[in-house]
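Peer 1: What follows is the residue order along each chain.
There are 2 protein chains.
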Amino acid sequence: MKKTALIVAGGQVDAGQLAEQARQVRSEGGLLIAADRGLEALRRLNLRPDAAVGDFDSVSEETLAFYTADPAIRFERHRPEKNESDTELAFCIAREEDVKEVRILGATGTRLDHVLANVHLLKEAFDLGMDCCLLDSHNRLRLAAGRTVFRRAECPYPYISFVPLTMEVTHLRLSGFKYPLYDHHMVLGVECGHCISNELAEEVAVLEFAEGLLLAIESKD
Amino acid sequence: MKKTALIVAGGQVDAGQLAEQARQVRSEGGLLIAADRGLEALRRLNLRPDAAVGDFDSVSEETLAFYTADPAIRFERHRPEKNESDTELAFCIAREEDVKEVRILGATGTRLDHVLANVHLLKEAFDLGMDCCLLDSHNRLRLAAGRTVFRRAECPYPYISFVPLTMEVTHLRLSGFKYPLYDHHMVLGVECGHCISNELAEEVAVLEFAEGLLLAIESKD
Numbered sequence: 001m002k003k004t005a006l007i008v009a010g011g012q013v014d015a016g017q018l019a020e021q022a023r024q025v026r027s028e029g030g031l032l033i034a035a036d037r038g039l040e041a042l043r044r045l046n047l048r049p050d051a052a053v054g055d056f057d058s059v060s061e062e063t064l065a066f067y068t069a070d071p072a073i074r075f076e077r078h079r080p081e082k083n084e085s086d087t088e089l090a091f092c093i094a095r096e097e098d099v100k101e102v103r104i105l106g107a108t109g110t111r112l113d114h115v116l117a118n119v120h121l122l123k124e125a126f127d128l129g130m131d132c133c134l135l136d137s138h139n140r141l142r143l144a145a146g147r148t149v150f151r152r153a154e155c156p157y158p159y160i161s162f163v164p165l166t167m168e169v170t171h172l173r174l175s176g177f178k179y180p181l182y183d184h185h186m187v188l189g190v191e192c193g194h195c196i197s198n199e200l201a202e203e204v205a206v207l208e209f210a211e212g213l214l215l216a217i218e219s220k221d
Numbered sequence: 001m002k003k004t005a006l007i008v009a010g011g012q013v014d015a016g017q018l019a020e021q022a023r024q025v026r027s028e029g030g031l032l033i034a035a036d037r038g039l040e041a042l043r044r045l046n047l048r049p050d051a052a053v054g055d056f057d058s059v060s061e062e063t064l065a066f067y068t069a070d071p072a073i074r075f076e077r078h079r080p081e082k083n084e085s086d087t088e089l090a091f092c093i094a095r096e097e098d099v100k101e102v103r104i105l106g107a108t109g110t111r112l113d114h115v116l117a118n119v120h121l122l123k124e125a126f127d128l129g130m131d132c133c134l135l136d137s138h139n140r141l142r143l144a145a146g147r148t149v150f151r152r153a154e155c156p157y158p159y160i161s162f163v164p165l166t167m168e169v170t171h172l173r174l175s176g177f178k179y180p181l182y183d184h185h186m187v188l189g190v191e192c193g194h195c196i197s198n199e200l201a202e203e204v205a206v207l208e209f210a211e212g213l214l215l216a217i218e219s220k221d
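Chain order of the listed sequences is A and B. Here the numbering used here is used: the first residue of the first sequence is 1, the next is one more, and so on. Here the numbering used here is used: the first residue of the second sequence is 1, the next is one more, and so on.
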């Protein structure tokens with residue numbers, strides 16, 4: 001089985017989703033990593049991470065004292081002026097531990113600069129050879145780099161949308177979806193009608209394209 | 001003065017911000033355009049748009065009846081299977097009316113596919129020759145296509161972040177900011193440390209770069 005890590009970042013975290021994801025990752029022998037203020041979300045559920053990384057400037061003294069007292073937790077405190085984001089530093093730990101699949105909670109919230117920077121981390125994870133998704137209570141985002149198979153049994157949400165990460169995505173083909181596409185040339189900023197709020201029409205649906213990078217976003221209202 | 005339009009889209013809309021923006025746009029002789037479910041936000045404040053566009057499938061009968069009864073409102077009802085998004089259709093109206101500056105409210109919310117598609121509309125507005133920004137209660141997003149000047153008096157929020165829209169942004173230079181940059185090569189997905197949560201250090205700060213497209217995001221926590 002692929003080694004998994006759950007990274008808890010500093011954005012909005014749904015407590016029920018965190019409890020469920022942490023349980024799942026633990027049951028698979030995976031890692032739980034707190035990125036900076038993600039520690040607070042873990043503290044509220046009394047969950048112990050394997051590692052915590054960040055400058056911790058926005059983490060309370062109480063939470064910090066609670067976790068630093070535990071010698072089993074790998075603590076990496078960085079200076080606030082570091083170049084990497086806290087989630088990028090968490091990636092480094094995941095990579096050292098030979099993790100192949102990363103799920104990120106707390107990547108979304110009110111600050112759109114943080115949301116977009118976290119969406120772009122999917123590209124960094126991809127370059128590092130790790131499967132990665134961002135999860136929140138309404139969305140699952142993944143990067144599709146070519147052919148991707150969607151199975152109804154594995155889709156958590158009713159809608160599937162495709163948004164380009166590159167300026168163009170060529171020869172896009174959607175089969176097994178409610179709104180199929182054949183050889184579509186996708187241009188960033190120009191909606192094609194079938195790429196937002198699509199749905200699975202069959203048990204297995206396939207996305208294919210030639211060049212570019214695409215975000216696959218499963219969501220619910 | 002440049003002709004302005006306020007487009008109210010179907011995402012989350014802060015009532016106070018809508019009231020203030022509508023007042024401002026009206027005082028400048030600008031247009032108020034509802035994109036589909038944005039009509040509901042206008043109805044709650046008893047604001048009358050100049051135009052409304054969409055399939056209106058998610059607008060209540062009551063709201064629809066209220067506005068369609070008003071002959072002064074330009075109503076464009078499209079079939080649900082249309083190719084364009086409702087906000088794109090609102091762009092078409094703005095363009096016909098010779099609008100040069102567009103502000104969009106209701107572009108953000110829980111559905112990340114909608115948020116990202118709306119962010120990408122900044123590229124479409126740019127290609128149409130319109131200045132455009134997305135506004136919500138925590139963020140103002142704009143597309144920077146080269147040299148951009150930031151004046152403290154015009155910045156609504158304390159933080160300024162820069163996130164690439166293209167895979168690379170070359171020769172990036174930030175001057176007058178708390179964390180300056182000189183000749184930085186920006187790569188999508190790789191954080192540079194100075195591009196998230198930067199701040200103005202002087203009354204006037206300047207962003208410059210050679211190639212690529214960049215999102216400038218002013219925000220508050």
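Don't read these hints as lab results, they were simulated from the structure. A couple of the hints might just be wrong.
As the list claims (entries may be wrong) - Across the chosen pairs, the derived CB separations fall in these ranges:
1. E96/B to Y182/A: 47 to 57 Å
2. F75/B to R152/A: 46 to 56 Å
3. V187/A to G16/B: 31 to 41 Å
4. T166/B to K2/A: 23 to 33 Å
5. E28/B to S27/A: 56 to 66 Å
6. P71/B to S60/A: 32 to 42 Å
7. S27/A to D221/B: 51 to 61 Å
Said to hold, decoys possible - Interface residues of chain B toward chain A, partial, derived using beta-carbon atoms under 7 Å:
8. R140
9. E154
10. P158
11. S175
12. L181
13. H184
14. H185
15. E202
Computed from a predicted model, the values in this text were never measured in an experiment. A virtual CB, placed ideally from N, CA and C, is assigned to each residue, including glycine.
Peer 1: Take the hints in turn and mark each one as holding or not.
Peer 2: Against the structure, the hints come out as follows:
no. : hint                        : in the structure
1   : E96/B to Y182/A: 47 to 57 Å : violated, 32 Å
2   : F75/B to R152/A: 46 to 56 Å : violated, 39 Å
3   : V187/A to G16/B: 31 to 41 Å : holds, 36 Å
4   : T166/B to K2/A: 23 to 33 Å  : holds, 32 Å
5   : E28/B to S27/A: 56 to 66 Å  : holds, 59 Å
6   : P71/B to S60/A: 32 to 42 Å  : violated, 59 Å
7   : S27/A to D221/B: 51 to 61 Å : violated, 35 Å
8   : R140                        : violated, 9 Å
9   : E154                        : violated, 18 Å
10  : P158                        : violated, 12 Å
11  : S175                        : violated, 19 Å
12  : L181                        : violated, 11 Å
13  : H184                        : violated, 11 Å
14  : H185                        : violated, 13 Å
15  : E202                        : violated, 20 Å
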